[in-house]
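Q: Assemble the complex: chain Y is given as a structure, and chain E with the ligands must be docked to it using the hints.
Protein chains: 2
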Amino acid sequence: MILEERVFGMTTKMDQAEAPLYIKVHESDNVAIIVNTKGLSEGTVFPSGLELVEFVPQGHKVALVDLQEHEAIIRYGEVIGHAVKPIPKGSWIKESLLTFPTPPPLDTLPLATRDRSSQKPLEGYTFEGFKNSDGSVGTKNILGITMSVQCVTGVLEHAVKRVKEELLPNYPNVEDVIALNHNYGCGVAIHAPGAAIPIRTIQNLATHPSFGGEIMVVGLGCEKLRPEQLVKDDDGSTITSLQDQEGFHAMVSSIMAMAEERLLRLNQRKRVTCPAADLVVGMQCGGSDAFSGVTANPAVGFAADLLVRAGATVFFSEVTEVRDAVHLLTPRVVNEEVGKKLVEEMRWYDDYLASGDADRSANPSPGNKKGGLSNVVEKALGSIVKSGTSPIVDVLSPGEKATKKGLIFAATPASDFVCGTLQLASGMNMHVFTTGRGTPYGLSMAPVIKVSTRTALKEQWHDLIDVNAGQIATGEATIEDVGWELFHLMLDVASGKKQTWAQKWKLHNDLSLFNPGPVT
Amino acid sequence: MILEERVFGMTTKMDQAEAPLYIKVHESDNVAIIVNTKGLSEGTVFPSGLELVEFVPQGHKVALVDLQEHEAIIRYGEVIGHAVKPIPKGSWIKESLLTFPTPPPLDTLPLATRDRSSQKPLEGYTFEGFKNSDGSVGTKNILGITMSVQCVTGVLEHAVKRVKEELLPNYPNVEDVIALNHNYGCGVAIHAPGAAIPIRTIQNLATHPSFGGEIMVVGLGCEKLRPEQLVKDDDGSTITSLQDQEGFHAMVSSIMAMAEERLLRLNQRKRVTCPAADLVVGMQCGGSDAFSGVTANPAVGFAADLLVRAGATVFFSEVTEVRDAVHLLTPRVVNEEVGKKLVEEMRWYDDYLASGDADRSANPSPGNKKGGLSNVVEKALGSIVKSGTSPIVDVLSPGEKATKKGLIFAATPASDFVCGTLQLASGMNMHVFTTGRGTPYGLSMAPVIKVSTRTALKEQWHDLIDVNAGQIATGEATIEDVGWELFHLMLDVASGKKQTWAQKWKLHNDLSLFNPGPVT
Ligand SMILES: [Ca+2]
Ligand SMILES: [Ca+2]
Ligand SMILES: [Ca+2]
Ligand SMILES: [Ca+2]
Ligand SMILES: [Ca+2]
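Chains as they are written, first to last, in full-length UniProt numbering: chain Y, 1 to 520; chain E, 1 to 520.
If we strip away everything but chain Y, and leave its shape as in the complex, we get (with noise of 0.2 angstroms):
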């Protein structure tokens, strides 16, 4: 899908770097993105015989020839929407130059019509991780407390804090201790249709290949969400009920207790050696700009390619950023039913959205639009990239646990912490998060590698950014350089050798649960 054309103008200096170029993503697009960090000023010339008719700034696209009014403006070979009048060639082409597309009908895409020539097995690849009884495999060994209500979080806290300050040193194996904390199970409607997804989510995250099968729930006693529903608990062990103590110090030694059985057990975990297969890495991007989708996006994919022939599971997600490219992704399903679960989940999200009275234009965000990023199409044909070119297998509903090995798309809003946690749900053990505008996102649970897709911000949050995609576009690097690159951090961050600089601040963001349901 990607035919780049990368256009370096005339210069009287000798840096290539600070050479006017642009980047032409598909043969087809009568659009182009301006590389260079300051924008480039009226005047400037290219050998395509290209001029530039007014500034434009870094990421944003200039006209690459006269274009009438309604003509279709076309970037990664895709109509990104229509000009509202004549745009001559070499202008500035802001968002309010281009119409808003209507989405992709849902009832008429093609379902799995990909021809699907199978890839390179790719083999010999390993890292050092934690396995499990389950079968799954941990990066990290923690001890996570799941809490059935967010009623108990100030108790859990004080506790945690004292596990954390006098048993964890004992037990030097184990790396950290965390509260699953989240604001539902009490004060929400139990019963709507939309409670199913924050409920199977703290499920599904109390049994995260991270915490070594050790699970332990805290409880008030009479909130909705019973922590029954949440955990078997045969032999009394996995629960405690802070309204079964006799006052505040007798929860603290009782959430104590329980988690000093539970660390003497993750104290035995040993990392082992495991195949690639054993990873589940989760693509995102967040606070995109017009290079997501040239540099950083296509090298994950790349890598996400990779990690398919070596074995491994792939969530990519972000419904709303899917929508508008779901064309192009339905032809690489397996089968129908995995089709059709892919539009069933555009077409719940659609009415989610409808229902908020709200739409997809909700996205994207004011920075988005300042990178250069005109709408939610251009924005999702630069997302999608993220899933690389392999088939999908699977699709799962947000925060239901994957089964399957290869590509699967995990449906999730956006909203980077809510996806991320619902990655996590899904049994993912490596993050990887593409950024433009730059975030300093982070999770407790699994490694986050982080990728930017400007040098600029690599220069910029030179502690924060663990690779840099941005040489992609200046034509430094290749899309295949940094996906290896990133291919091969995966594998000594999921072993423990290297930390990536969200590990080394210990930058944890809050978990942040999708409720689509009321609250009471």
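Calculated from the structure, these hints are not laboratory results.
Remember, predicted model here, so these are calculated numbers, not experimental data.
The C-beta atom is built at its ideal place from N, Cα and C for all residues, glycine as well.
Be careful, since some hints might not be right.
Claimed, not checked - Listed next, the in silico SDA-like pairs over lysine to any residue satisfying Cα-Cα at most 20 angstroms (straight line):
| no. | chain 1 | residue 1 | chain 2 | residue 2 |
| --- | --- | --- | --- | --- |
| 1 | E | Lys404 | E | Asp305 |
| 2 | E | Lys131 | E | Asn173 |
| 3 | E | Lys369 | Y | Arg226 |
| 4 | E | Lys504 | Y | Ser253 |
| 5 | E | Lys340 | E | Val326 |
| 6 | Y | Lys161 | E | Lys161 |
| 7 | E | Lys506 | Y | Gly247 |
| 8 | Y | Lys506 | E | Asp305 |
| 9 | Y | Lys369 | E | Gln243 |
| 10 | Y | Lys506 | E | His158 |
| 11 | Y | Lys504 | Y | Ala477 |
| 12 | E | Lys38 | Y | Gln243 |
| 13 | E | Lys504 | Y | Val343 |
| 14 | E | Lys120 | E | Thr389 |
Claimed, not checked - These stretches of chain E come out as covered by chain Y in the derived footprint (C-beta under 8 angstroms, 3 or more residues):
| no. | region |
| --- | --- |
| 15 | 151-165 |
| 16 | 340-346 |
| 17 | 406-418 |
Stated by the list, open to error - Quick list of the computed label-pair ranges, beta carbon to beta carbon:
| no. | chain 1 | residue 1 | chain 2 | residue 2 | range |
| --- | --- | --- | --- | --- | --- |
| 18 | Y | Pro275 | E | Ala250 | 38 to 46 angstroms |
| 19 | E | Ala250 | Y | His249 | 39 to 47 angstroms |
| 20 | Y | Lys506 | E | Val79 | 40 to 48 angstroms |
A: Here is chain E with the ligands on its own, set in the frame of chain Y:
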């Protein structure tokens, strides 16, 4: 409204505390609730002639007369349902024996019809508070750091930890430094009609009276919720955007520098004597039981009347627990305009629940039911008692700032932390929380006084419950006694002279925004 009849049964024991006891609330009631902690067994006889024909648990209802099929079951002098079959006198009235009544229709409610004999002003009561230049008064002295988007959480947490360790000890008059964590700001439909609520909540939390007018906002840069929408920043000293910083260390340094500037000024704040009229008290219940409306809530209602007589502001809230008793409240509004606002909030919530395929029956919780509350009608009748008897001078939409003194209905969900967060946004500087089942509730921005509805809870949670209203059930204390105890305790806690248990253990639940709009 409360015309309690407390009836002791025969006992061979000399200890009155263990004598069989039921409470009938209103003279027209045909049911009463059992007071004894372990319930009462079949054959228990009362001097009224009542004999239990089966075991009845604590807080649960007993039929005082033979009830015919379809006959109205009356508690608090109001119909809480109809008998689904004949119920003999002395039977346990289980939830399944009541039909669920339709709620009061909203278009025929009597507005502002009650005669208002003005209450005698209560003078001479004061507390030691922190006066702010805008006229508000804080009960705490805290640096509150606002975030425009959840993306900054990880960095901000790191910075706050360092501020508390390295800077706060130099400013002994400042009690705490807190990040106003939330999961809003991006990845949400920012132009959906529901978005107004979380946005004004964040805005009004930023200017909470505990923060002494010292505002600082940490933003990312590309988020949908613009920091400039939240606060004015004429001189550029109020907002920092992480995307403007040269990496992680620069971000932390910039936050720490902004924080220190403010700590310096906050450290100058001193407590001064303020009239009780400067209190803004939010009343709430959570983990309610059948005693809530007989013991704790009436005592809180009595204290609410004292506060109003002293010129203070009192909020009651929790729409789903007001809806079924709204016909008892609309007569009490001061004028038609306020009445219409009250009705409008009920209607908005009916629609909100319906849009998520839920209704008011989503409340109560399993614990409420175990505590004897059959349905939300019975719960509501006990819940609104917190409002006392004063006229309702104003109605606030969720998260709006109060501008009047007196009794105000601040519309919020009943969800404990959502309600508390919204009452804080409305300007609450003191929180009173009644509980029957027990919840270790706490907030960082205002003290929380916890009142138990039952003596057994106070005995069990000796180091969490501040006031025991359970003695009202057994006749060992009157509603007036506990109401005055609470009033005096509020003044002492507001002055920093006494600490609540939640303050002592630093039990701080997370803020919980109310976002009725979709995520994207
Ligand atoms: Ca994205
Ligand atoms: Ca995202
Ligand atoms: Ca937190
Ligand atoms: Ca309540
Ligand atoms: Ca409540």
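Q: Look at each hint and say if it fits the structure.
A: The hints, checked one at a time:
Among the hinted pairs, E/Lys404 with E/Asp305 is consistent with the structure: their alpha-carbon atoms are about 16 angstroms apart, no more than 20 angstroms. Distance restraint check for E/Lys131 and E/Asn173: the Cα-Cα separation of roughly 14 angstroms lies within the 20 angstroms cut-off, and the hinted pair is therefore satisfied. Note on E/Lys369 and Y/Arg226: the hinted pairing holds, with a Cα-Cα distance of about 14 angstroms set against a maximum of 20 angstroms. Restraint check for E/Lys504 and Y/Ser253: the C-alpha separation of about 17 angstroms stays at or below 20 angstroms, so the hint holds.
Pair hint E/Lys340 plus E/Val326 holds up; C-alpha atoms about 12 angstroms apart against a cutoff of 20 angstroms. For the proposed pair Y/Lys161 and E/Lys161, the alpha carbon gap of about 13 angstroms is at most 20 angstroms, so the pair holds. At roughly 15 angstroms between alpha-carbon atoms, E/Lys506 and Y/Gly247 fall within 20 angstroms of each other, so this suggested pair holds. Annotation: proposed proximity of Y/Lys506 to E/Asp305 is violated, straight-line Cα distance about 49 angstroms (limit 20 angstroms).
A hinted pair counts as satisfied when its Cα atoms are at most 20 angstroms apart, and Y/Lys369 with E/Gln243 qualifies at roughly 15 angstroms. Distance check on the hinted pair: Y/Lys506 and E/His158 sit about 8 angstroms apart at the alpha-carbon level, within 20 angstroms; holds. Only pairs whose Cα atoms come within 20 angstroms are accepted, and Y/Lys504 paired with Y/Ala477 is rejected, the gap being roughly 27 angstroms. Of the supplied pair hints, the one linking E/Lys38 and Y/Gln243 holds, its CA atoms being roughly 16 angstroms apart against a limit of 20 angstroms.
Of the supplied pair hints, the one linking E/Lys504 and Y/Val343 is violated, its CA atoms being roughly 53 angstroms apart against a limit of 20 angstroms. The suggested pairing of E/Lys120 with E/Thr389 holds, with an alpha-carbon distance near 13 angstroms, which does not exceed 20 angstroms. Here's how the region 151-165 of chain E fares: 7 of its residues keep a CB closer than 8 angstroms to some CB of chain Y, so the rule of at least three is met and the hint holds. Using a Cβ-Cβ cut-off of 8 angstroms, 0 residues of the region 340-346 of chain E lie near chain Y, which falls short of the minimum of three, so the contact claim is violated.
Closer than 8 angstroms: that is the beta-carbon criterion, and the region 406-418 of chain E has 6 residues meeting it against chain Y, so the requirement of 3 holds. Look at Y/Pro275 against E/Ala250: about 41 angstroms separates their beta carbons, and that is inside 38 to 46 angstroms. For the hinted restraint 39 to 47 angstroms between E/Ala250 and Y/His249, the CB-CB distance of approximately 43 angstroms keeps it satisfied. Y/Lys506 and E/Val79 have their C-beta atoms about 57 angstroms apart, which leaves the hinted 40 to 48 angstroms range violated.
Violated hints for the displayed structure, listed by number in ascending order: 8, 11, 13, 16, 20.
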